[in-house]
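Protein chains: 2
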Amino acid sequence: MEKDNNPIANTPTPPYYAVIFTSIRTEINDGYGEMAKEMTNLAEKQPGYLGHESARDGLGITVSYWESLESIRNWKMVSEHLFAQRMGREKWYASYKTRISLVERDYGFGGI
Amino acid sequence: MEKDNNPIANTPTPPYYAVIFTSIRTEINDGYGEMAKEMTNLAEKQPGYLGHESARDGLGITVSYWESLESIRNWKMVSEHLFAQRMGREKWYASYKTRISLVERDYGFGGI
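Top line first, the protein sequences correspond to chains F and H. Per my numbering, the first sequence starts with residue 1, numbered consecutively. Per my numbering, the second sequence starts with residue 1001, numbered consecutively.
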């Protein structure tokens, strides 16, 4: 959620990067909500963070936006460390896929 | 939904393109479900279509995957035509943002 409470991220003019994280949860909750919240708080403090969007109804999709590949690499180290502290993401996720992509163009409607 | 029923799209080795469509719905249903279903059916028949992923809980995120910018342009024409027939997307969407991005790298877990 953006600080302006618009769930659609207010990203700058392209190019910038998007990390598309698609996941299916296990049935284990054990700290998941807290972990997800902490993850968001950590991401927002990272250099190069531009915003994120998230939805889940069975399938979960979180897209985070970044200035550069370097900022994504740094974020990956921070998030892997958090998962390692919590003994792995495999307890929460049955499967996931991460895609790193360069946003070349964007357009919108509705004051976006 | 993929034909193999895995909601995480079974995309090929990068590079390929991702169209990230983030939206907030109006409260108008008037044919929305049918339109969304028809949109998916049309997308799956398009040349260059590689798969898609979708989730909504307030915010909606649909990511569709494509072989090339040309396949995305063709798909855009088809989808705009469908919206035009149904008198515009503005009745269903309060706001949306479309981002066209080149997936450079991906990795996963859980048989993805």
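Keep in mind the hints are simulated off the structure, nothing from the lab. Take the hints with a grain of salt, since some may be wrong.
[What the hints assert, rightly or not] In silico DSSO-like cross-links for lysine-lysine, where the CA-CA straight-line distance does not exceed 30 Å:
hint: 1; chain 1: H; residue 1: Lys-1097; chain 2: F; residue 2: Lys-97
hint: 2; chain 1: H; residue 1: Lys-1091; chain 2: F; residue 2: Lys-97
hint: 3; chain 1: H; residue 1: Lys-1097; chain 2: F; residue 2: Lys-37
[Stated by the list, open to error] Simulated restraints, written as ranges between beta carbons of each label pair:
hint: 4; chain 1: F; residue 1: Thr-13; chain 2: H; residue 2: Arg-1073; range: 12 to 22 Å
hint: 5; chain 1: F; residue 1: Met-87; chain 2: H; residue 2: Lys-1037; range: 37 to 47 Å
hint: 6; chain 1: F; residue 1: Thr-13; chain 2: H; residue 2: Glu-1104; range: 11 to 21 Å
hint: 7; chain 1: H; residue 1: Asn-1041; chain 2: F; residue 2: His-81; range: 37 to 47 Å
hint: 8; chain 1: F; residue 1: Tyr-107; chain 2: H; residue 2: Pro-1015; range: 46 to 56 Å
hint: 9; chain 1: F; residue 1: Asn-74; chain 2: H; residue 2: Ile-1028; range: 23 to 33 Å
hint: 10; chain 1: F; residue 1: Gly-33; chain 2: H; residue 2: Gly-1110; range: 42 to 52 Å
hint: 11; chain 1: H; residue 1: Gln-1085; chain 2: F; residue 2: Phe-109; range: 12 to 22 Å
hint: 12; chain 1: H; residue 1: Glu-1070; chain 2: F; residue 2: Asn-10; range: 21 to 31 Å
hint: 13; chain 1: H; residue 1: Asn-1041; chain 2: F; residue 2: Gln-85; range: 37 to 47 Å
hint: 14; chain 1: H; residue 1: Thr-1026; chain 2: F; residue 2: Asn-10; range: 26 to 36 Å
hint: 15; chain 1: F; residue 1: Arg-86; chain 2: H; residue 2: Glu-1027; range: 48 to 58 Å
hint: 16; chain 1: F; residue 1: Gly-110; chain 2: H; residue 2: Gly-1031; range: 37 to 47 Å
Here the structure is a predicted model, which means the values were calculated and not measured. Ideal placement from N, C-alpha and C gives every residue a C-beta, glycine not left out.
Could you tell me which of the numbered hints above are not met by this structure, giving the numbers in increasing order? 2, 8, 9, 10, 14, 15 and 16
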